[in-house]
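Chains as they are written, first to last, in the working numbering: chain A, 1 to 232; chain B, 1001 to 1740.
Hint data in this document are derived by calculation from the structure and do not stem from the laboratory.
Quick caveat: nothing in here was measured; it's all calculated off a predicted structure.
A hint or two may mislead.
What the hints assert, rightly or not - Coverage of chain B stretches by chain A, computed from C-beta distances (three or more under 8 Å per stretch; other residues unrestricted):
no., region
1, 1153-1165
2, 1416-1426
3, 1554-1566
A virtual CB, placed ideally from N, CA and C, is assigned to each residue, including glycine.
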Amino acid sequence: MRFGIAVFPGTWSDRDCAHAVALAGGEPAYLWHQDSDLRGSDCVILPGGFAHGDYLRAGAIARFAPLMEAVLDFARDGGPVLGICNGFQILCEAGLLPGALLRNDSLQFRCQPTKLLVEGASTPFLAGAVPGSTLAIPISHGEGRYYADEETLRELNSSNRVAFRYCSSSGEVGPSHNPNGSLDDIAGIVNEAGNVLGMMPHPERACEPLLGSSDGLALFTALVKGAAGLPT
Amino acid sequence: MTGPSATELREIALSRQEYERAIALLGRQPNALELGMLGAMWSEHCSYKTSKRLLRRLPSRGGAVVQGPGENAGVIDLGGSLLCCFKIESHNHPSAIEPLQGAATGVGGILRDVFAMGARPIALLDAIRFGDLSQGLQRHRFARVVEGVGFYGNCIGVPTVGGETYFDEAYSGNCLVNAMCVGVTTPEQLVRAVARGPGNPVLLVGADTGRDGIHGATFASVQLDQDAAERRPAVQVGNPFLEKCLMEACLELCSNRALVGLQDCGAAGLTSSLVEMAHRGGLGVELDVALVGRREEGMSPYEVMLSESQERMVLVVESGRELEVQAVFDRWGLRSDVIGRVIEEPVVRILERSEEVACLPLEVLVEGFLERRPAARRPDGLTARMGRDPLSAEPAWDLRDAWVRLLSSPNCGDPTWVFRQYDHQVGNDTVGGPGLDAAVLRFKNRPDGLALTVDGAHRCAALDPRRGTEMAVAEGLRNLAAVGAEPMALTNCLNFGDPDQPEVMWQLEEAVAGLAGAAEALGLPVVSGNVSLYNDYQGMGIPPTPVIGMVGRVDMVRPPVGRGFKHVGDRIVLIGNLGESLAGSEYQRLLQAGVEGPVPELDLAAEAASAGVVRELVRTAVVSSAHDLSIGGFAVALAECCVQHGLGATVDLALPPCPPGRPGRHHGALFGEDPGRYLLSLPEVRLADLAAVCGLRGVEWRDLGPVGGDSIRILGLVEMSCAEAGAALHGAIASRMGPL
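Bound conformation, chain B alone (with noise of 0.2 Å):
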C-alpha cells in the first residue's frame, strides 16, 4: 500500500511531515477515512497548532471564572447563582465566499456554543471589517453580511445589542465576520461537552447529515486563493428556524438529570464532537455511520463523519433514558437518533453497520500534532517608519476639511444603515443598545445587569501589534466605563494573516504578549477565545487584528446617559490629556500616506484609574454624558456628542500656536487617538464633585466650556454648525450604500 498523494494530502492539509507522524503514532498506516479525520483534528483550526503555546500565556483564572478556554465557552460567576456564559468566533472565510450564509452560520455556530453550554443566549455582537466601500465588491460583501447577521439573529430571537464596523483596503481580499455570544444559566443548568458513563447512548440531534460543509476547518486553515469561490461548497446555509427549536430542546433537557455531555457539532463535524467530548471524559467512543440521518443518499462514512452540516448537537445521556430525552426533540419537530455509545477504551470507533471502518486512538487525534514553530521575524524598516513625526510635515488639509473627511468616514460615522437590520430588542432586556459606547442589558429580577462591548484594534496595530492590542483591550474598558459598568473577563478573536510569514508571526506573538499583558495588568481573566490565521488572499495578509470582546458589570441598572449633549449651559470635561498621535489613527489613514510615527503610549494604570472615574460619575449620576474619545480623536467625539440632540457647544483647547518644525500639532490635539481619555457634560453645579472623585484617582481632567447654541465651536482653531457634522456622521456609512 503506497502512501497519499501530495494532491490528496493537500485536501485535508496535511505535511508530508505530519502524515510520516501520524504512521509512526499509529504504527500503520491510516485508511482514507482514518486520515480525513486527522487532518481535521490537526487542522490548525480545530488544533491551534501554531497559536496553542503563546494562548497558554493568557491569565484566565480569577475570581469570577467558573470556566475558562477549552469547553464551548468560557463562563463566569455574576453571584446570587447567576452564570455568564460567552465567547466570539471567527467565520471569515465563509463569509469572503459567500457573505449572506457565512456570516448567518457564524452567528449560528457562536449561538450554539453558547446553549452547549446549557445557557440561553441573551444577546450577540459582531465586529465586521471589509475593503472599501466605493467598490462594488466590498458593498456586496458589506450588505450581505449584515443581512446575514441579521437573518440568522431575528429569526432565532436573540437581540444583536452591539458591535463594530471598520472599513480598510486591507481587508478587501477577506473580510472578517466575528460573532460573539452572551448567555446566560444557573450552576444547576451548566452542562458540560463531556461523555461520561460507559455504555450510555450518544445521541445525534438536530438537522439531517448533508455533503455540505465539508472540510470547513481545513478550509479555514489555509489561504484564499483565486479558485476560492469553487470552494463554496464548503460554506454550509444556515437554518435558523430549525436551530431556534433545538435550542429549546436542549435548554429545556439542560435542567434534565439525564443529560450527561452536551456539544456543539460545527467545524470538523461529528469527528471533532465526538473526539473531544471522549477525550474530556478520558473515555472512549463508538459510533455507527449507518444510524447517522442523512439528507441524500449514498454518503460514504468519510463524508458522514466530516460533514459540517449546521444546527446539530451530539449528546451523551443516561443509559435508559434515551426515550425520555428524545420525546423531547420530537415535540420540537426535530429528528434524534441514537448512533453509538460510550466505551472504556480511549479511542474513537467508526462502524458501517456493524463493521469496523475506522478506529483511531483518542490521544492521537488530540494530542498528536505537530506544534509548529514558525520563525517571528520584526518586519524590516519599522522602526525607521515609528521614528517619522507625523506632525511635522505641513498638513495637506486644513482643519475644518480635515474635520469633514474624518466626519463622513464610515469609521467615524453613525452605524444606524447597520443595526436597524437587527432585531435588538427581543427578550425585553435590552437597556441600552447598538449606538451607545456599550450595550446595556438588566436582569428582569435583579437590580445590577451586563455590559457588553467588542472591538477591534486599529491600524496603529499595524505598527505596533502589542500596543495594538493593548489598545483594543483600553477602548473595551473605556466604552464600558462610559455606561457606568466594571469590566470582568474578556473573550478574543485574533484574526491574523498566513502564520508562515515570520512578519505576521511576529505580529501573531506580540499580539499575544500585548493581550496577556493588559489582561494581566487590569485584572481581567481571558476566558474564551478563537483564533483566525490564513486571512490572506493572493499573498496580501490582513493587518493584525485581535478582536476583544469584554463583558462588564452594571452594579443598578437605570436608562444610560448616553454620549449626547443633553442641557444648554451643562460644562464639557475632557478626562484625560489632550494628546497629539497621529500615527495609526483614522486621520492618518485617510489624509496621509501611509502609516507611521510613535503610537500613542498607554499607561494602563492609567487608564484603569480615569475608567474608574468615568464609571463612578455615570453610577452616582454627577454626568449628563458621557463619550470615550476613540476613532477620530476629540473633535469627531465632540461631533458626535453635540449631533445626538442637536446641541452645540463652544470649548476653549487653550492650544499655544504650533511649535517650529511641527505644523500638524493642531490636527494631532483634535484628530489623535490617544487612549485614556472621555468627553463628559455635567452641570455646573456638579464640577467640585467631580473635581473631587478625579483628584481622589489622580485622574486629568479639564473643563473645555459650555454646552449650548446650534455650531460646534472649537474656539480659535474651527467651526462648523450642528447640522453639517450630523449629515457628515448620519451620511457616512447610509448615503455610500444607497437610499435610507
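Next comes chain A alone, as it looks inside the complex (with noise of 0.2 Å):
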C-alpha cells in the first residue's frame, strides 16, 4: 500500500506523515509538486505546513500546483485522499471540499490536544472507528475555523458528512470544547463519495503512546489492512 506524500514548498509535516505511514505498515513515497506524476501512489496525503507560505490565503496557491491537477483526476476516480491541517485547507482551495478554513476566533495559533468525536461518516479512513467514540489528536493551526454557508452545513450533517466534531474527553460536543469557533464543532469532513477526508487535528501526530497519543493510527492502518482485505 503506498502513500503517496505530498510536497510544496512550505510544508512540513510531510516527514511525519512518511512516518506515521511507515508505522501503519504502509510505504510512504513524496510527491514533488510541481511533477504529475503519483508514483503509484494507492492514497495521497496532503500533509501540513505552510504551503507557499500561505500567501494570499491558505492553500489557494498550492492548489494551482501541477500536482494537484493529478490528485483531482486520482479523487475523481475514487482514490483515497486525506488532507490535514494545510492539506485540509488546499482541499477546500480546491474545490474537492466543500466550505472555507478561517482564522481561529482567538486570532492566535493554536498548539493543544483535542478531543474528536467519530461522527458516522463512510469513508475508508474511519473503517476501524466506531461511531460515537473519541480520538485524541491535538491541532497545531492559526485558520482552522470550520465556514461553510446554511445550506452546506445542512448538507454535511444531514449526508453524514461531517467525520470528527471537537469534543470532551467524555464525547461531550459544546463550545467549550471547541479550540477556534469552527461551525457546529467541525475538525473534519469528507465529500460526497467518502473517499476524500480533510481535517484540521494531526493524526500524524498521534501514532505513538510515547509522544501521547496512538489514536491517531487508525487512520492510516484502516486504508493498509482494507488494501490487504484484513478486517480493520
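Put the two chains together into one complex; each comes in its own frame, and the hints tell you how they fit.
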C-alpha cells in the first residue's frame, strides 16, 4: 500500500506523515508539487505546513500546482485522499471539499491536545473507528475555524459527511471544547463519495503512546488493512 | 581630504580613536564604504571588543566537543555518528522597537546559524523578559513577541519545545528576547563557514538584498534612546516561508561535496559573512556588488554591503560546479547568484562593475579593533545591602496571602498562554514539551534522546552577579535532572546594560567568572554564546541577565514522569534542605521593598550530587513525579505538583516557632529560593530505595507526608484548596492577557 505524500514549498508535516505511514505498515513516497505523477500511489496525503507561505490565503496557491491536477483526477476516480491541516485548506481551495477554514476565533495560533468525536461518516479512513467513540488527536493551526454557508452545513450534517467534531474527553460537544470557533464544532469532513477526508487535527502526531496518543494511527492502518483485504 | 564628522562616526558607532587607528593600520584614510565596513566589523555586536577577553575564560573543550565557539554554532558528539549543534542568541533591541518582527527575525537568525552548520534544526527555545504586565506597552510587547516567535517557528516547522518568561519592571525599557536553536547532523554532513580554494566561486542565495536593516549591528551596540522608534528601518522583516525553502536547499547541499563552506548572512550582512569566511580560511575574497540581486534600484555599494536583509546565505562552492548547486536552489524557487570568488590575497575587495570601490585587509577588519577595557567597580553600598537580614522584619503579609500573591505572579504562574501559541510537536519527536522542567526529544532510530532547558538569572544576580549566574547554571542542571537527563554542554547569552558604566562592567566580569567557575566545576563545556550589551533605556539599564541554555542526554527515552503528584498515598520527599533565603527571591520582589540580604549559598559539588540522585531515581522509575524548586520556593513548587492532577498533599515541615528577632523565618522556609532542592513523590514501598541512593551520594532528604485530599496543607502553617491554587497559577499570565 503506497501512500503518496505531497511536498509543496513550505510543507512541514511531510516527514511526520511518512513516519506515521511506515508505522502503519504502509509505504511512503514523496510527491513533488511540480510533478504531475502520483508514482503509483494507492492513497494521497496532503500534509500540514504553510504551502507557499500561506500567501494570499492558505492553500490558495498550492491548488494550482501541477500535482493537484493529478490529485483531482485521482480523487474523482475514487482514490483515497487525506488532507491534514494545511492539506484540508488546500482541499477546500481546490473544491474537493466544501467550505473554508478561517482564522481561529481567538485570533491566535493554537497547538494543543484535542478530543474528536467520531461521527458516522462513511470513509475508508474511518473503517476501523466506531461512531460515538473519541480520539485524542492534537491540533496546531492559526486558521482552522471551519466555515460554510447554512445550506452546506445542513447538507454535511444530514448526509453524514461530518467525520469529526471537537468534544470533551467524555464525548460532549459544545463551545468550551471547540478550540477555534468552527461552525457546528466541525474538525473534519468528507466528500460525497467518502474517499476524500479533510481534517484540521494532526493524526500523524498521534501514532505512538510515547508522544501522548496513538489514536491517529487507526486512520492509516484502516487503509493498509483495507488494501490487504483484512478486517479493520 | 578631511576625516568624517562626529555625526558620521556616531552613525557607524566608531570613536575618533578607532578612526585614527584605522588610518594607522591602513596607512591611509578609508573611504566611506570602507569606513562603514570597519564600523560594522568593529562594532560590539561583531567584534565583542568589550567582552572577548572575559569570554576566553570560559571552558570550551571537553570529550564531547566537536566545535567550540568561533563558528556559527557549537557542536557536541552524541555518539553513534550523531552530532548536536546548538546556540542561543539575543534579539533584544529590535524586539523593543518592533516586537513581532524583532522576535521573528531573532528566531530566523538562530535557525540559520544552526543549518549553516549542516544541521537540521529540531527544536527552538526562548527566554523572554518584559516589564510589568499591568502596563499596556508591556502587554503589547509580550503578546507580539510571543506571536513573532510562533509566527516564525510554526511556519518553518521547527517545534518550540521550551522556554522561560519573566516579568520585572527593570525590563520595561528593554525587553529581552533570547532564542535558542538545537539541530542534529552527522560528521559527514557537518559544514563549516570557511572559504577555501582560491578561484572557487562565492554565491549569495535566498532573499534579494534590500535597504532593510542597514546598521543593525551598530544599532545593537548602542543604547536605546527616545528616538529609538525612528530606528525601525534598522529592524528587518522575516519571511519564514523563504527560510524554510532556504533551509531545505542548504541541507540538501550539505551532503554534496560541491559545497566548500556555508555561512549565514546575519548582523552586518555580506560584509561580516564574507570577512568571517575568508578569514577562517586564511584567504581573501573578491566580490562585485553589481552581481548582488537587489530588491530595489539605485542601491549604493555601501547599502549592498551593509544590508541586513534576512533569509540569505553565503556559499563557497567548488569551481565548475556552480550550475549543479544553483539547480538545487532553482528547484526550491530560490534566487542564487555568483557574486565573487575566493582569492589568495588576504583582503576583501569590493568591485562595482569590475571597478574597485573598497579593499581592506582581513586582519584589520577582524583583529584590528581596539579591545575595550572599561573600568569596573563594585556598586557602593552593596555590602550593606547584602548584610541585611530579610527575615528580621515582621512580615507585612500572612503566609496565606503571601502564597496567593506568589501563585498569581506571572513569574510563577502557568505559561500555557504562551506555549499553546507555539507548535511544540512538529517533527514527531517531542516526548515532553513546554510545561515540563526540561523538554525531552527522542530520536526515532535510537533509544536515547535529548533534554533541553533555558534558564536566566533572577533578581539575586543584581546583588551578586557571580552567584546569580552560578544559580542559573544550577537551575539548568536541576531541570535536566528532573527529567532524568545528564547535562552535556552549555550555550549562553549574556544580557547586560551599558558596559561603560563601571557597575555594569563589574556585573559582566562577575557573571562571566561565575559562568566559567560553574561550568568548570560541573565539567560542562560552553560551546557557543552571544553577548548583548547596551540594554539600556534612558539611562536605566537592565539587571545583569545571563541566560543559560543547557543540553543533556536521556539514556532511555520514556514518557516523562512530570511534576504532578499522581497517586493518593504516595510519599512526598524533599531532596535538599528546607532553606530560608529570601534575598533576591520572587517573594522579596513582590512583597518586600528593595532587593537585599545575603544571597543563597551554592555548593556546586552538592548540587551535582543531588542532581545525580534525582536523575537516577527518575531513570529507574522509583519516583512517580519529580520537580525542582526554583522561583517562588517550596510552597510554589508544592502547589504546582498538586495542581497538575488535582491531588492535594499534607506535609509536615516540623518547623520550630520563629526565633526571636527573625519573625520572617517561616516565610523564608516556604518561599526562599535556595538551590539544590527537589520535590519527589513515590510509593511508600520505594522509600528504602530512595534512602539507599541518597545515602550513597550523601544527599539529604526528608519524607514530608502523603499525597491525597483536595487541599494543600502545610501542617501548622497554612492550607489552600487545590482549586484555589490552580486558579491562581492558571490565571497568573492568562488573566492579565485577556480571556482564554
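These are the hints, each one checked on the structure:
no. : hint      : result
1   : 1153-1165 : holds (count 4)
2   : 1416-1426 : holds (count 8)
3   : 1554-1566 : holds (count 3)
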